[in-house]
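Chains as they are written, first to last, in my numbering: chain A, 3 to 526; chain B, 286 to 413.
There could be a bad hint or two in this list.
Unchecked claim - Chain A residues, not near chain B, derived (Cβ > 10 Å throughout):
| hint | residue |
| --- | --- |
| 1 | Phe284 |
| 2 | Val286 |
| 3 | Val482 |
What the hints assert, rightly or not - If you anchor each label on the Cβ, the simulated ranges turn out as follows:
| hint | chain 1 | residue 1 | chain 2 | residue 2 | range |
| --- | --- | --- | --- | --- | --- |
| 4 | B | Ile289 | A | Lys512 | 28 to 34 Å |
| 5 | B | Gln328 | A | Leu499 | 48 to 54 Å |
| 6 | B | Lys380 | A | Glu350 | 34 to 40 Å |
| 7 | B | Ile289 | A | Arg503 | 54 to 60 Å |
The set of hints was computed from the structure by calculation and includes no laboratory data.
The model shown is predicted, which means the values in this text are computed figures rather than measured ones.
Cβ atoms here follow ideal geometry from the backbone N, Cα and C, with glycine treated the same way.
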Amino acid sequence: MDNESTYSGYSYKSSHSRVSRKHRRDRNRSKSRDSSVRGDKSVTIQAPGEPLLDAESTRGDDRDDNWGETTTVVTGTSVDSVSNEDLTRVSKDLDESLPLECRRYLAPALGGALGLLSLLTPLAFLALPPLLWREQLEPCGTPCEGLYISLAFKLLILLMSTWALFLRPPRATLPRFFVFRCLLLALVFLFVASYWLFYGVRVLEPKEADYRGIVGYAASLVDALLFIQYLALVLLEVRQLQPAFGLKVVRTTDGASRFYNVGHLSIQRAAVWLLDQYYTDFPVYNPALLNLPKSILTKKMSAFKVYTLGEENNTNNSTGQSRAMIAAAARRRDNSHNEYYYEEAEVERRVRKRKARLVVAVEEAFTHIKRHQDDESTTSSPKHPREVMDPREAAQAIFAPMARAMQKYLRATRQQSYHSMESIINHLQFCVTHNMTPKAFLERYLGPGPTLQYLDNSRGRQWTLVSEEPVTASLRQGQVFSLKRMDFSLVVTVTALPFLRLGEEFVDPKSHKFVMKLQSETSV
Amino acid sequence: MSFIPGQPVTAVVERVEIKKLFQGGNLILGFSIGGGIDQDPGQNPYSEDKSDKGIYVTRISPGGPADEAGLKMGDKIMQVNGWDMTMVTHDQARKKLTKKNESVVRLLVTRRSLEDAVKQSKGGYAQQ
Chain A
3 MDNESTYSGY
13 SYKSSHSRVS
23 RKHRRDRNRS
33 KSRDSSVRGD
43 KSVTIQAPGE
53 PLLDAESTRG
63 DDRDDNWGET
73 TTVVTGTSVD
83 SVSNEDLTRV
93 SKDLDESLPL
103 ECRRYLAPAL
113 GGALGLLSLL
123 TPLAFLALPP
133 LLWREQLEPC
143 GTPCEGLYIS
153 LAFKLLILLM
163 STWALFLRPP
173 RATLPRFFVF
183 RCLLLALVFL
193 FVASYWLFYG
203 VRVLEPKEAD
213 YRGIVGYAAS
223 LVDALLFIQY
233 LALVLLEVRQ
243 LQPAFGLKVV
253 RTTDGASRFY
263 NVGHLSIQRA
273 AVWLLDQYYT
283 DFPVYNPALL
293 NLPKSILTKK
303 MSAFKVYTLG
313 EENNTNNSTG
323 QSRAMIAAAA
333 RRRDNSHNEY
343 YYEEAEVERR
353 VRKRKARLVV
363 AVEEAFTHIK
373 RHQDDESTTS
383 SPKHPREVMD
393 PREAAQAIFA
403 PMARAMQKYL
413 RATRQQSYHS
423 MESIINHLQF
433 CVTHNMTPKA
443 FLERYLGPGP
453 TLQYLDNSRG
463 RQWTLVSEEP
473 VTASLRQGQV
483 FSLKRMDFSL
493 VVTVTALPFL
503 RLGEEFVDPK
513 SHKFVMKLQS
523 ETSV
Chain B
286 MSFIPGQPVT
296 AVVERVEIKK
306 LFQGGNLILG
316 FSIGGGIDQD
326 PGQNPYSEDK
336 SDKGIYVTRI
346 SPGGPADEAG
356 LKMGDKIMQV
366 NGWDMTMVTH
376 DQARKKLTKK
386 NESVVRLLVT
396 RRSLEDAVKQ
406 SKGGYAQQ
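Model the full assembly from the supplied sequences, consistent with the hints where possible.
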């Protein structure tokens, strides 16, 4: 086995050893997955063990390029080394779903500490003078009582709103700081610190005797904190509610797209909001549905192959020859769209036939059971006692006749990886319990549901935000950013919503009048 | 020529017999009709009562069979070959006039001058 790092680009491609090179390369590939690490740090996984023809046809020249550039990574020749296959598999598992880690509680913890400090401060302001110099204090009458009550009430409100705004653990960790929240925490800290400073200088040092003034001081701190809470409410929750931008989201692999309206947000917050909508609106990404039927592509590519063997790389290519090749290829290409059309029609027909069989099978299966009413027990004949089943058993009983039709249908629509037999029986049990009709049972399988349906919630999801501008920048007209996952990404384009000038026109209800306009004249 | 709904219509009519002329592959009569129960009676320039939905002659082609038979513009057609024309749609009237197997149509038409003439003669009678 020669050392592959000597290969570089096209220079090694010679016409005679094409077949042997294919064999060699595929053998290597089966040992080690070709992992190309590109500049933007995305890892592409290529499935192993594909048939020879497929490997060439669907990704022919692409793979050649990368293979030439990145063979320094491929070291699958020795048995001892950890092949890239293992590495990529491990990283894929890691990337796919994260255990919920402790980092997401850091920000709330900080907020909580600061909140506690700011809540205890007024109480400390009130409590310290009596503790330290009780004798010198002037007693303070009913105005103080009123201030105490209002202080208590405001502190209660502050407590609740601090919990609501800052302390709840966020559902997403953002790549950079959440600017507004940090700003607000800094503001609170500043306030409290400056109040303490003044308190220390003006009250503690000279042992101020005017207790009413001290209570008023504490009350003003609480008022200021309340206003900061109000500011926080507006910045964090209210500002983004009024729609200002339209976001168009397109999934790169199959073109599924949606439009959404958002308000003024930073890119990272908009990304989080968008992903929430993604999980419920977009149909689940099914990689099996994407490839053109192989029969069409191979025919097309094999035609190419016959003519481009070695010619492409040869620099002293005669232009006439290449033109003839292109013309021949163009002529040959004329038929493939025809074949594609017929192939698609055929696939659709097959899917519809299987769907019909499935629907009939399910309907028949559902007629085998019915809900057992408690008062019927006396009327059932003693010769054929009907055995009473719980939903799970009922589901298992009627699953058998429809299992085959269901499996064939799922295979035809390539959904078989999303629905295991166990999950189908669970769903059947669920439908039977809730008195659903066969159609309601089938709605889950007849169309690709939203991605949320197929998630298990115990693990988090890792997304990468790719953007040319810093992600804490506000949304603006014309920005483009994308959210990447392992095998696909969502490209988001931002457009500003148009300014609407609404005019008014008054229509008098009595002005709706009609005349017959038929007035024909016929010559006889 | 006003009518009271529910009461029989009386009018002084003139009998006009028109022979169809074969011209251009069709049998034509040489005039145009307007009106009908599905048309707007207010736009009829020839009727006295603007709620009259009868069939009126709107145009006579000069030298045609209708002109020679004595049909005048503004005549209201009451009957065609025995078919009533006072309560028909425009299309029904057209069909009754353009039957291919009839070469002659006999119309009963009425016009204001007829009424006046009769009134005059009656009044003159009374005077005499």
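Now for the hints, and whether the structure bears them out:
The beta carbon of Phe284 of chain A is kept farther than 10 Å from every beta carbon of chain B, the shortest such distance being approximately 56 Å. Even its closest Cβ contact with chain B, about 59 Å, leaves Val286 of chain A beyond 10 Å, as expected for a residue assigned away from the interface. Taking the minimum C-beta to C-beta distance to chain B, about 61 Å, the non-interface status of Val482 of chain A holds against the 10 Å cut. Between Ile289 of chain B and Lys512 of chain A the Cβ separation comes to about 32 Å, which falls inside the hinted range of 28 to 34 Å.
In this structure the hint that Gln328 of chain B and Leu499 of chain A lie 48 to 54 Å apart at CB holds, the actual value being about 51 Å. Distance hint check for Lys380 of chain B and Glu350 of chain A: the Cβ-Cβ separation is about 51 Å, which falls outside the suggested range of 34 to 40 Å. For the pair Ile289 of chain B and Arg503 of chain A, the beta carbons lie near 59 Å from each other, so the given range of 54 to 60 Å is met.
Going through the hint list in order, the structure does not satisfy hint 6, though it satisfies all others.
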